[in-house]
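With the sequences and hints as input, model every part of the structure.
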Amino acid sequence: MQVVELAAYHVRIPLRKPIRHASYTRSESDNLVVGCRLADGTQGYGEGVPREYVTGETIDSALALLRATSSESLTLRAGTFAEAVCLIEALQLAPVSDDPRQCKGNAARCAVELALLDAFGRHYGQPVYRVTELLAPELWQPRTRVQYSTAITSAKGFKARAAAWMMRWYGFRQCKVKVGIAGQDDVERLRVIRKHIGARMDLRIDANEAWSPADVVARIQELEPFGISSVEQPVAHEHVGCLREVRRQVRTPIMHDESLCSLADAESAVRDETCDLFNLRLSKCGGFIPSLRLAQFAAAHGKGYQLGCQVGETALLSAAGRHFACSVANIRYLEGSYDRRLVKEALGERDITFGYGGWAPRLDGPGLGVRLDESALQRVTVRKEVLLG
1 MQVVELAAYH
11 VRIPLRKPIR
21 HASYTRSESD
31 NLVVGCRLAD
41 GTQGYGEGVP
51 REYVTGETID
61 SALALLRATS
71 SESLTLRAGT
81 FAEAVCLIEA
91 LQLAPVSDDP
101 RQCKGNAARC
111 AVELALLDAF
121 GRHYGQPVYR
131 VTELLAPELW
141 QPRTRVQYST
151 AITSAKGFKA
161 RAAAWMMRWY
171 GFRQCKVKVG
181 IAGQDDVERL
191 RVIRKHIGAR
201 MDLRIDANEA
211 WSPADVVARI
221 QELEPFGISS
231 VEQPVAHEHV
241 GCLREVRRQV
251 RTPIMHDESL
261 CSLADAESAV
271 RDETCDLFNL
281 RLSKCGGFIP
291 SLRLAQFAAA
301 HGKGYQLGCQ
311 VGETALLSAA
321 GRHFACSVAN
331 IRYLEGSYDR
341 RLVKEALGER
351 DITFGYGGWA
361 PRLDGPGLGV
371 RLDESALQRV
381 TVRKEVLLG
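The numbering of the sequence shown is the numbering used here, which starts it at 1 and goes up by one.
FYI, nobody ran anything at the bench for these hints, they're computed from the structure.
Wrong hints could be hidden among the right ones.
[Unchecked claim] Mimicking DSBU-like on lysine-lysine, the simulated pairs with C-alpha atoms at most 30 angstroms apart in a straight line are: (1) K159 with K344; (2) K156 with K195; (3) K17 with K156; (4) K195 with K159; (5) K17 with K344; (6) K384 with K344; (7) K17 with K159; (8) K156 with K344; (9) K17 with K195; (10) K384 with K17.
Just so we're clear, the structure is a prediction, and the values are computed from it rather than from any experiment.
Shown next as structure tokens:
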């Protein structure tokens with residue numbers, strides 16, 4: 001079966017409320033959706049979320065990269081699902097200049113990869129989670145449901161107390177708190193949140209590159225009394241080298257996020273001993289398969305990993321994350337599937353938002369297991385470009 005058509009959509013997804021952290025505040029998200037059609041008419045869709053402050057990509061650069069990619073590279077032909085998966089892993093977009101970390105095309109690649117996996121999965125009757133069994137059998141751990149963690153972003157004072165109480169009441173077991181936001185007292189926020197969220201809640205923090213090398217140790221140490229289980233991206237990527245010494249001075253495991261977007265990043269993290277955990281987000285890491293390879297690399301080098309998500313992702317990227325979550329072993333924390341709790345247009349005909357306690361079922365349909373709501377796609381499309389066909 002052969003790919004005969006690919007189209008890219010710049011979509012603007014409105015959020016239900018502004019989301020604020022130390023690096024950015026957003027009320028909408030400019031995402032990339034790719035549609036794929038096979039010769040028999042089977043349709044597949046994928047999504048990527050370009051973030052300039054993470055991988056150096058914008059929606060314009062992502063579209064330009066897809067335009068620059070040769071049609072021969074995109075015209076895949078496969079006789080089985082397993083063959084399709086191997087061809088998709090080998091997929092290379094046009095080269096990007098000045099990209100030593102090899103991540104500036106990752107959101108674009110993710111959108112194309114997921115569209116291809118969705119289309120070939122539908123054609124051959126295989127769910128995307130089978131990719132883990134095919135490519136990483138040592139990590140293959142199928143489960144019928146998973147439990148997502150929750151997050152408290154910029155809430156403070158009464159809103160922080162209310163959010164903490166609600167997370168506890170709703171049955172979550174893990175919560176991430178955004179810290180390092182200008183004008184906020186992190187010690188007081190963590191004190192309030194821990195008091196109201198309860199002693200049994202696994203509480204971790206994410207600084208989104210907010211702290212300087214000079215004060216990062218003090219910032220972490222003053223929050224450790226509140227029982228934090230990890231601290232995510234405490235310094236900007238250009239200062240990540242200081243974390244080797246930071247790890248010797250704090251008790252809390254360090255997680256890379258903005259500094260973990262590619263295999264090159266992972267190799268640097270292991271070589272330089274700068275972290276304990278990887279945050280794997282499908283879009284910033286280049287798709288399902290590159291994220292799977294990073295999980296393998298982490299496991300082989302004694303690093304833990306979590307599955308993260310992108311603010312503003314729709315049901316397409318959430319579904320891909322669900323397939324990853326339901327098939328990969330030893331994921332420390334799960335983030336994602338906020339869907340209709342966060343975005344006004346989730347783009348899926350089926351609501352896959354997590355339920356009580358963060359629990360969500362496996363998606364057992366072929367491909368991504370969700371169907372695109374084409375009327376919703378039309379409502380949010382800013383522009384469309386035909387890449388093939």
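Quiz item: Given the hint that K384 pairs with K17, does the C-alpha gap stay at or below 30 angstroms?
Solution: 27 angstroms, holds
Exercise. Compare the distance between the alpha carbons of K384 and K344 with 30 angstroms, and conclude whether the hinted pair is satisfied.
Key: Within the cut-off at roughly 21 angstroms; holds.
Exercise. Verify the proposed pairing of K17 with K195, using a straight-line Cα cut of 30 angstroms.
Key: OK: K17 and K195 at ~26 angstroms, within 30 angstroms.
Exercise. Given the hint that K17 pairs with K344, test it: the Cα-Cα distance must not exceed 30 angstroms.
Key: 9 angstroms, holds
Quiz prompt | Hint consistency between K156 and K195 [alpha-carbon to alpha-carbon, up to 30 angstroms] | solution = Since the Cα atoms of K156 and K195 sit roughly 13 angstroms apart, the hinted pair holds (cutoff 30 angstroms).
Quiz item: Between K159 and K344, is the straight-line Cα distance small enough, at 30 angstroms or below?
Solution: 22 angstroms, holds
Exercise. Assess, step by step, whether the Cα of K156 is no farther than 30 angstroms from the Cα of K344, and give holds or violated.
Key: 25 angstroms, holds
Quiz item: K17 and K156: Cα distance at most 30 angstroms?
Solution: Distance of about 16 angstroms is within 30 angstroms: holds.
Quiz item: Between K195 and K159, is the straight-line Cα distance small enough, at 30 angstroms or below?
Solution: 14 angstroms, holds
Quiz item: Is K17 close enough to K159, meaning Cα to Cα at most 30 angstroms?
Solution: Holds, at roughly 14 angstroms.
Checked against the numbered hints above, the structure breaks none of them.
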